[in-house]
Amino acid sequence: MGFFTKLWTFRKIFILVLTPLLLLPLPLLIDTKEAQCAYTLFVVAVYWLTEAIPLAVTALIPALMFPLFGIMKSKTVASAYFKDFHLLLIGVVCLATSIEKWNLHKRIALRMVMLVGVNPGWLMMGFMISSAFLSMWLSNTSTAAMVMPIVEAVIQQILNAEAEVNAIQMKNMDGTSNLGLQLDEDEVKHENNTEAESNGVEHNTVCKIELEDTSPQRSVPKPEMERKYLSKKDHMMCKGMSLCIAYSCTIGGLSTITGTSTNLIFAEHFNNRYPDCHCINFGTWFVLTFPITIIILILSWVWLHWLYLGFDFSRMFRCAKDKSEKEKASAKIINNEYKQLGSISNQELVTLVIFILMALLWFTRDPGFVPGWSSLFPQYKGYATDSTAALILGLLFFIIPANMPNNSSCGKKSYLSYTTLITWKEFQSCMPWEIALLVGGGFALAQGTEDSGLSAWVGSKLTPLGSLPIWVTIAVSSLIVTSVTEVASNPATITIFLPILSPLAEAIGVNPLYILIPTTLCTSFAFLLPVANPPNAIVFTYGHLQVIDMVKAGLGVNIIGVLAVMLGVRVWGVPLFDLETYPSWAPPHFIANITGP
Numbered sequence: 001m002g003f004f005t006k007l008w009t010f011r012k013i014f015i016l017v018l019t020p021l022l023l024l025p026l027p028l029l030i031d032t033k034e035a036q037c038a039y040t041l042f043v044v045a046v047y048w049l050t051e052a053i054p055l056a057v058t059a060l061i062p063a064l065m066f067p068l069f070g071i072m073k074s075k076t077v078a079s080a081y082f083k084d085f086h087l088l089l090i091g092v093v094c095l096a097t098s099i100e101k102w103n104l105h106k107r108i109a110l111r112m113v114m115l116v117g118v119n120p121g122w123l124m125m126g127f128m129i130s131s132a133f134l135s136m137w138l139s140n141t142s143t144a145a146m147v148m149p150i151v152e153a154v155i156q157q158i159l160n161a162e163a164e165v166n167a168i169q170m171k172n173m174d175g176t177s178n179l180g181l182q183l184d185e186d187e188v189k190h191e192n193n194t195e196a197e198s199n200g201v202e203h204n205t206v207c208k209i210e211l212e213d214t215s216p217q218r219s220v221p222k223p224e225m226e227r228k229y230l231s232k233k234d235h236m237m238c239k240g241m242s243l244c245i246a247y248s249c250t251i252g253g254l255s256t257i258t259g260t261s262t263n264l265i266f267a268e269h270f271n272n273r274y275p276d277c278h279c280i281n282f283g284t285w286f287v288l289t290f291p292i293t294i295i296i297l298i299l300s301w302v303w304l305h306w307l308y309l310g311f312d313f314s315r316m317f318r319c320a321k322d323k324s325e326k327e328k329a330s331a332k333i334i335n336n337e338y339k340q341l342g343s344i345s346n347q348e349l350v351t352l353v354i355f356i357l358m359a360l361l362w363f364t365r366d367p368g369f370v371p372g373w374s375s376l377f378p379q380y381k382g383y384a385t386d387s388t389a390a391l392i393l394g395l396l397f398f399i400i401p402a403n404m405p406n407n408s409s410c411g412k413k414s415y416l417s418y419t420t421l422i423t424w425k426e427f428q429s430c431m432p433w434e435i436a437l438l439v440g441g442g443f444a445l446a447q448g449t450e451d452s453g454l455s456a457w458v459g460s461k462l463t464p465l466g467s468l469p470i471w472v473t474i475a476v477s478s479l480i481v482t483s484v485t486e487v488a489s490n491p492a493t494i495t496i497f498l499p500i501l502s503p504l505a506e507a508i509g510v511n512p513l514y515i516l517i518p519t520t521l522c523t524s525f526a527f528l529l530p531v532a533n534p535p536n537a538i539v540f541t542y543g544h545l546q547v548i549d550m551v552k553a554g555l556g557v558n559i560i561g562v563l564a565v566m567l568g569v570r571v572w573g574v575p576l577f578d579l580e581t582y583p584s585w586a587p588p589h590f591i592a593n594i595t596g597p
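Just so you know, we're using this note's numbering here: the sequence shown kicks off at 1 and counts up by one.
Treat the hints with care, as some may be off.
Said to hold, decoys possible - In silico BS3-like links for lysine-lysine, alpha-carbon gap of 27 angstroms or less:
{"#": "1", "residue 1": "K233", "residue 2": "K381"}
{"#": "2", "residue 1": "K339", "residue 2": "K232"}
{"#": "3", "residue 1": "K83", "residue 2": "K381"}
{"#": "4", "residue 1": "K339", "residue 2": "K328"}
{"#": "5", "residue 1": "K73", "residue 2": "K83"}
{"#": "6", "residue 1": "K33", "residue 2": "K83"}
As the list claims (entries may be wrong) - Ranges of calculated distance between the beta carbons of each label pair, as one might list FRET restraints:
{"#": "7", "residue 1": "L24", "residue 2": "N272", "range": "42 to 48 angstroms"}
{"#": "8", "residue 1": "F42", "residue 2": "Q379", "range": "20 to 26 angstroms"}
{"#": "9", "residue 1": "F42", "residue 2": "I399", "range": "44 to 50 angstroms"}
{"#": "10", "residue 1": "N272", "residue 2": "L29", "range": "15 to 21 angstroms"}
What the hints contain is simulated information worked out from the structure, not anything from laboratory work. Where a beta carbon is used, it is the ideal one built from N, C-alpha and C, also for glycine.
Given only the sequences and the hints, what does the whole structure look like? Please build it.
Shown next as structure tokens:
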């Protein structure tokens, strides 16, 4: 037993050494550029899937291997590691840093929950809506790390209120008071703060949570015996509240190009491979995916409500004048949290205005049905992209002062103090450099498969799939990536599959968007395991869940997601992007067009 334990401990070293050695016959026996590129692709894919070394380090392998194999020059490979995607990412991270620094995200979340009410069902819906909305603009990890402490505070207040009610009932029954069950608000508040600190939560600490939550050790739950629930119903409510945050943070990111890294990777890959197509932008993506997101969000809420709160939805619509003790406790903690924020600050107002302006510029750059602001520069058509708007407004966060400049004295000297909305150090703490390198490595791989001819070779071998109905091809590719992304990171999964599926679509004469869009969306459906994505790991650390709970609930959400994507692409995606026709901007295909079923 000890031998196997040691073997498992050093498994990454074995993978790191054995993978290139076992694959070495491929380039040695088949001395072609295609085989050499395939060797590099397989090594990178195995390292990404197993995380034998950090993802960002693995992403640098193409920069080493392609020049040695003579596939691409070193300068050419290097240029693939920084694209328009990275400029867009910089602008978005500037916005996210300011939102988190000045607690605007917390104000938005609490306000949305206050609007929907405190019934457990409505409360779950409110948290899902607020989390999904925030994850459209912030990273999924940051959203989960921000919202989950609020949910935990509400849960603890509900449980404490029920304990108080039980204590009163016991007192009325036997005429004595049980001091052990009396509610001490200060003690409860201290316990909640201590518990939040033990989970790595610190308020007003920009992006610290996001950096820490990527560690695998975060997914170790607290022992169940440390948790005390007055009833199974309370425990089920805690499970439902936790899972709704994990899933809605992922679902909301589907709506916008900047919502998840997988969407950004797809957009950059698509624009590089098909530069003559200008159909993918912030507006068209939102029109396609927002209804899909709403469908998934509502059906996921129904699924979680049925699993953990029961199927009696009629209780939610009863206009009872007297609220239960649980509902009063929930309303109290949420109102108190909101009051502690105080009135909206100038920094929050400025951040909100820039946030709205950035969204408007993204939507109106090239909406498609009317001329956008990019048409004001007809001689430079296609020069301005979504990254242009992101940078214009993102740089303002380093210019606009957080407070009015004032004279400060230090000893005998006086100087003028001037601080901006965010600092470079704060931006660096929020900038996902690992994702930036990972995406760059994906771009290098994609370009290498093109230059080596591997992409064309794969496409020629996939032409028999043209005899299958298109919906079968889409369903199979979507299910494959949904399965792989449960054990591999979402960015790594989409980076591996995009260079394969693009030539597949070209080979069978299908509009590439018809396959790439569903595949990209389904790559985000990592709902089954705590280690599948950071939001899952964050909620798992609070100790309300077991792995089987996440598997059971996540399987239903996965099915809902895949079906909703298939429905959306088929119903309104086809007319929006003319998916039934093989486009002129794609390379000529050499078999008949068979986009129909």
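A quick look at each hint next to the structure:
1. The hinted pair formed by K233 and K381 fails the criterion: a straight-line CA distance of about 60 angstroms is larger than 27 angstroms.
2. The suggested pairing of K339 with K232 is violated, with an alpha-carbon distance near 32 angstroms, which exceeds 27 angstroms.
3. Between the alpha carbons of K83 and K381 the distance comes to roughly 19 angstroms, so the proposed pair stays at or under 27 angstroms and holds.
4. Between the alpha carbons of K339 and K328 the distance comes to roughly 16 angstroms, so the proposed pair stays at or under 27 angstroms and holds.
5. Annotation: proposed proximity of K73 to K83 holds, straight-line Cα distance about 17 angstroms (limit 27 angstroms).
6. Distance check on the hinted pair: K33 and K83 sit about 25 angstroms apart at the alpha-carbon level, within 27 angstroms; holds.
7. In this structure the hint that L24 and N272 lie 42 to 48 angstroms apart at CB is violated, the actual value being about 30 angstroms.
8. The given range of 20 to 26 angstroms is broken by F42 and Q379, whose C-beta atoms sit roughly 46 angstroms from each other.
9. With their beta carbons about 47 angstroms apart, F42 and I399 fall inside the hinted range of 44 to 50 angstroms.
10. Checked against the hint of 15 to 21 angstroms, the C-beta distance between N272 and L29 comes to roughly 32 angstroms, which is inconsistent with it.
Hint check: violations occur at hints 1, 2, 7, 8 and 10; the rest are consistent with the structure.
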